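Hey, can you work out the whole structure from these sequences and the hints?
Chains H and C are the protein sequences, given in the same order. Position in the first sequence counted from 1, then plus 154, gives you our numbering. Position in the second sequence counted from 1, then plus 45, gives you our numbering.
Read the hints as simulated data drawn from the structure, not as lab findings. All clues given are correct.
The list that follows gives simulated cross-link-like pairs (lysine to aspartate or glutamate, EDC-like), each with its CA atoms no further than 20 Å apart: (1) 326/C - 278/H; (2) 128/C - 194/H; (3) 128/C - 175/H; (4) 326/C - 527/C; (5) 724/C - 712/C; (6) 128/C - 214/H; (7) 559/C - 243/H; (8) 559/C - 280/H; (9) 276/H - 527/C; (10) 276/H - 601/C; (11) 326/C - 279/H; (12) 128/C - 238/H; (13) 276/H - 530/C; (14) 276/H - 321/C; (15) 559/C - 214/H; (16) 326/C - 280/H; (17) 559/C - 321/C.
Pairwise CB distance ranges (calculated): (18) 340/C - 284/H: 31 to 37 Å; (19) 539/C - 288/H: 40 to 46 Å; (20) 284/H - 223/C: 41 to 47 Å; (21) 218/C - 274/H: 26 to 32 Å; (22) 576/C - 272/H: 50 to 56 Å; (23) 365/C - 274/H: 49 to 55 Å; (24) 288/H - 673/C: 50 to 56 Å; (25) 503/C - 274/H: 46 to 52 Å; (26) 767/C - 173/H: 41 to 47 Å; (27) 759/C - 206/H: 25 to 31 Å.
Note that the structure is a prediction, hence the values are computed from the model and not measured. Even for Gly, the Cβ is constructed at its ideal location relative to N, Cα and C.
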Amino acid sequence: MRSESGPNGRDTGPGFTLHHDAWGRLVLTDVSGREHAGVEPVRAFPLSSPRHGVSVCDAEGRELFWIDDLDDLPVSVRKVLEDELTRREFVPVLRRVLSVTAVEPSEWRVETDRGPTRFLLKSEDDVCPLDDHRALVTDANGIRYLIPDLRELDATSRRLLERFL
Amino acid sequence: MNGTTQNGKALPPEWQRDAQSRLEHGERILATFEPDLDQRLFFARGLVLLTDRRVLAADEDGRPGAGALRWQAWPLGPDTTLKAQEYGGAGVLELVGPEGRLGHWRFTAGRGPEAQRMLQQFALLRASQDGAPPPVDSVCPSCGAPISPEDGRCLACSPEPTTPSVSGLLRLFRFTRPHARLIVFGFLLTFASTTASLIPIYLTQPLLDKVLIPHQNEKPADFGLVPWYLSGMVGAALLAWLLDWGRVYTLARASERVSADLRSKTYAHLQRLSLEFFGGKRTGDLMARISNDSDRLCNFLSINLVDFATDILMIVMTATILLTMDPLLAAAALCPFPVIAWMVYRVRGRLLRGYRQAGVAWSAMTSVLADTIPGIRVVKAFAQEQREIERFDHSNDRVFYANDRLNRVWAVFSPTVTLMTTSGLLIVWSFACWRAFHHPVTVGVLTVVIAYITRFYSRIESMIRMASATQRAAASAQRIFEILDRVPSVPEPVRPVAPGRLQGSIDLRAVRFKYGVREVLHGLDLKIEPGEMIGIVGPTGAGKSTLINLICRFYDVAVGAILVDSTDIRSFPVEEYRKNIGIVLQDPFLFYGTIAENIAYGRPGATREQVVAAARAARAHEFILRLPNGYDSLVGERGQSLSGGERQRISIARALLTDPRILILDEATSSIDTETERKIQAALENLVKDRTTLAIAHRLSTLRRADRLVVLERGLIVEIGSHDELLRANGTYARLHRAQMEVMQGHAI
Ligand SMILES: Nc1ncnc2c1ncn2[C@@H]1O[C@H](COP(=O)(O)OP(=O)(O)O)[C@@H](O)[C@H]1O
Ligand SMILES: [Mg+2]
Numbered sequence: 155m156r157s158e159s160g161p162n163g164r165d166t167g168p169g170f171t172l173h174h175d176a177w178g179r180l181v182l183t184d185v186s187g188r189e190h191a192g193v194e195p196v197r198a199f200p201l202s203s204p205r206h207g208v209s210v211c212d213a214e215g216r217e218l219f220w221i222d223d224l225d226d227l228p229v230s231v232r233k234v235l236e237d238e239l240t241r242r243e244f245v246p247v248l249r250r251v252l253s254v255t256a257v258e259p260s261e262w263r264v265e266t267d268r269g270p271t272r273f274l275l276k277s278e279d280d281v282c283p284l285d286d287h288r289a290l291v292t293d294a295n296g297i298r299y300l301i302p303d304l305r306e307l308d309a310t311s312r313r314l315l316e317r318f319l
Numbered sequence: 046m047n048g049t050t051q052n053g054k055a056l057p058p059e060w061q062r063d064a065q066s067r068l069e070h071g072e073r074i075l076a077t078f079e080p081d082l083d084q085r086l087f088f089a090r091g092l093v094l095l096t097d098r099r100v101l102a103a104d105e106d107g108r109p110g111a112g113a114l115r116w117q118a119w120p121l122g123p124d125t126t127l128k129a130q131e132y133g134g135a136g137v138l139e140l141v142g143p144e145g146r147l148g149h150w151r152f153t154a155g156r157g158p159e160a161q162r163m164l165q166q167f168a169l170l171r172a173s174q175d176g177a178p179p180p181v182d183s184v185c186p187s188c189g190a191p192i193s194p195e196d197g198r199c200l201a202c203s204p205e206p207t208t209p210s211v212s213g214l215l216r217l218f219r220f221t222r223p224h225a226r227l228i229v230f231g232f233l234l235t236f237a238s239t240t241a242s243l244i245p246i247y248l249t250q251p252l253l254d255k256v257l258i259p260h261q262n263e264k265p266a267d268f269g270l271v272p273w274y275l276s277g278m279v280g281a282a283l284l285a286w287l288l289d290w291g292r293v294y295t296l297a298r299a300s301e302r303v304s305a306d307l308r309s310k311t312y313a314h315l316q317r318l319s320l321e322f323f324g325g326k327r328t329g330d331l332m333a334r335i336s337n338d339s340d341r342l343c344n345f346l347s348i349n350l351v352d353f354a355t356d357i358l359m360i361v362m363t364a365t366i367l368l369t370m371d372p373l374l375a376a377a378a379l380c381p382f383p384v385i386a387w388m389v390y391r392v393r394g395r396l397l398r399g400y401r402q403a404g405v406a407w408s409a410m411t412s413v414l415a416d417t418i419p420g421i422r423v424v425k426a427f428a429q430e431q432r433e434i435e436r437f438d439h440s441n442d443r444v445f446y447a448n449d450r451l452n453r454v455w456a457v458f459s460p461t462v463t464l465m466t467t468s469g470l471l472i473v474w475s476f477a478c479w480r481a482f483h484h485p486v487t488v489g490v491l492t493v494v495i496a497y498i499t500r501f502y503s504r505i506e507s508m509i510r511m512a513s514a515t516q517r518a519a520a521s522a523q524r525i526f527e528i529l530d531r532v533p534s535v536p537e538p539v540r541p542v543a544p545g546r547l548q549g550s551i552d553l554r555a556v557r558f559k560y561g562v563r564e565v566l567h568g569l570d571l572k573i574e575p576g577e578m579i580g581i582v583g584p585t586g587a588g589k590s591t592l593i594n595l596i597c598r599f600y601d602v603a604v605g606a607i608l609v610d611s612t613d614i615r616s617f618p619v620e621e622y623r624k625n626i627g628i629v630l631q632d633p634f635l636f637y638g639t640i641a642e643n644i645a646y647g648r649p650g651a652t653r654e655q656v657v658a659a660a661r662a663a664r665a666h667e668f669i670l671r672l673p674n675g676y677d678s679l680v681g682e683r684g685q686s687l688s689g690g691e692r693q694r695i696s697i698a699r700a701l702l703t704d705p706r707i708l709i710l711d712e713a714t715s716s717i718d719t720e721t722e723r724k725i726q727a728a729l730e731n732l733v734k735d736r737t738t739l740a741i742a743h744r745l746s747t748l749r750r751a752d753r754l755v756v757l758e759r760g761l762i763v764e765i766g767s768h769d770e771l772l773r774a775n776g777t778y779a780r781l782h783r784a785q786m787e788v789m790q791g792h793a794i
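In structure tokens form, the structure reads like this:
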């Protein structure tokens, strides 16, 4: 699949290279050698299928490349893209819920894959079940926390979450 | 220097000394910023200081809490700048030099405003170095006191949201206060009727001991007393009946009043909440809270609470009578009581959680209804009836399972309570028999005691069953108070400035706005003179409607300020301010009612002549006359019996009738054909004459009359000028214009 044509007839394989410049911007060099500075990778389905459908847009938000599957890319490009994606998406994964206060807005103390933190939740609607076992918690600042599988949480966390789901 | 910076924010105390020691002689800290993420986006602490000559930064170097900080410093050269960007919940503050990025710090969205303040300080520093005029003051949104840009927030008041300490049901008593008299009267009746209902049992004792038992033992019995006792019993029963009647009615009425008050308070509060609240809520959920939950509370107040009060009275009274008659027996009767209390305590939390879940499930089900019924045309058009049925069934199942779980708890609990009370009675019986055997006690006393104890236990049992009703009501109360506790995000000012009739000058200063974490306006500056007509153009999604929302104060700006007549709009009372604004929206909404009522919506006292004049001006008059009932025709819910263009013309008439100082047209003519639009244009010309008008339009020809055109692109103002100026500038506007001309010519061919 690697060097097959993308949907735009463009090459999605090693047809472009990526690197960071001195300003920390991501620079894409396409087949013709043209450089696009400040490009942004965007996942099309960040929740339902994060590894499929990644679009690389230029600084104005116009699509340059469409990548069907991240795993089809050569490792070097993929690595840069994944790094950049993790930096643009700040969705900590909730590992444990330590405490939730009773009155709204409730204050949460949690452990995430990015370390422990606490946040305020405006109302119970901000805990939103995605499908059968996943849920997304959006705090008062709009930061999203993902619960990938409710069944894998410990009993205390599940009990604390029960009231919201 | 005491470690506080000019923006009033203190350094973290444990880092203060370290930070101070890094400063050069005479160096002043202008702003501090505490990034809360490290480069890998893990939660971590850090510090960035902006001084009058350098930027200093410290972090914990991957060893949180160790106390050792890693410091870095950069002198501020003439080409060095600070920038901040935010995306998807995290942001980055960057220090950029001529050759590239010098340093960058990552933070979560919550720290965004702090980062913006540091940038403002930086801009101030640059401005003072260039000798530019000092930036203008802003006004505190809450109290109206001026805020200087150095502070970034009001020092006079820092409004903190107050969280209530008592939860749920107890807070209901606030609503009972206005009806205190009725309620006190009801309780007096309760007391009287309870007393009356206890008399017949009391009279059985002399009847037994003085008449029946002596007679059985073949002693002389005074049968002459029997009619007296019997009539006493009948009299007491009749009295109890009468008093009960009054009691039930009085208390039911009081509770009905309380819950009606609660409902209208909640609805009134809901109306005052800003659009932001409704954006995050589902209609069905709100409807369920106001109708269903308040009904539950009413039931609780009128039935359960009254019963509860009666039960307590009964229990206290029977206990007193028992204690006076036979203290030991009474004590024995109370044996199972602690066990029962413990059980109630255990089951309470489970019931509350269960009822809350059931409430949420019910809301979700109502939401499905509120979602699909208005969209029924789409459902049918795409033949998705079966899927909608399944969606409803799915949420209906959730209601079922939530209640089913509750029932499981209840099913065990309820018979257990019965078992406990029955065993209590058994204890009493055996104790009583034992006592009767050892100490002579009259059968009369024994009968009465047993009768009272039976009553005592049946009351206790019914009171415990109330645990369920109480928890259900508590869950409902919580859901209602969640609405009542919500502070509008467009708050009323503490010290309001009366707007009166405005002149209509509008001044946007560095306005930024975010929906959630997504910033859609990135700093707009614009001055509009009174009476000026401004056309706003730009591709869809540029933020034109958002700008209008801010000017109408449907939302409050995140950073910056909007001044109308040189006063921050946040210091006007919201309703009075909006009276000065007439708005025609992209998707006009009509309410259920007649056309005349809909036109007069913003000015209910308008005469028929005024309504017709407004309709004429909006070119709606003629089509209204063609309707079977003219101005009295019903438009149906959401105006569904009218075409899009007709709805729009009615909403234009509605805006015109209020004679606003500021008129806002958000694609008001987008679903009107060119012919009609031209006619409306002519009408608008008079109306626009001496009021400030902001018009958004896609058809550029609509904006021919505009004094100035503002071109908005991706949340920024890219061009300002008249039609001709912008064409000459050959920028975005010229491009849009060319594209439209081509399309029009294409049509002409
Ligand atoms: N209530 C909302 N919540 C979240 N995002 C919104 C909301 N309203 C508008 N937006 C987003 O803000 C941006 C600007 O929208 P808007 O001001 O309506 O654009 P337009 O210029 O077409 O009127 C759009 O990208 C839109 O998706
Ligand atoms: Mg719009």
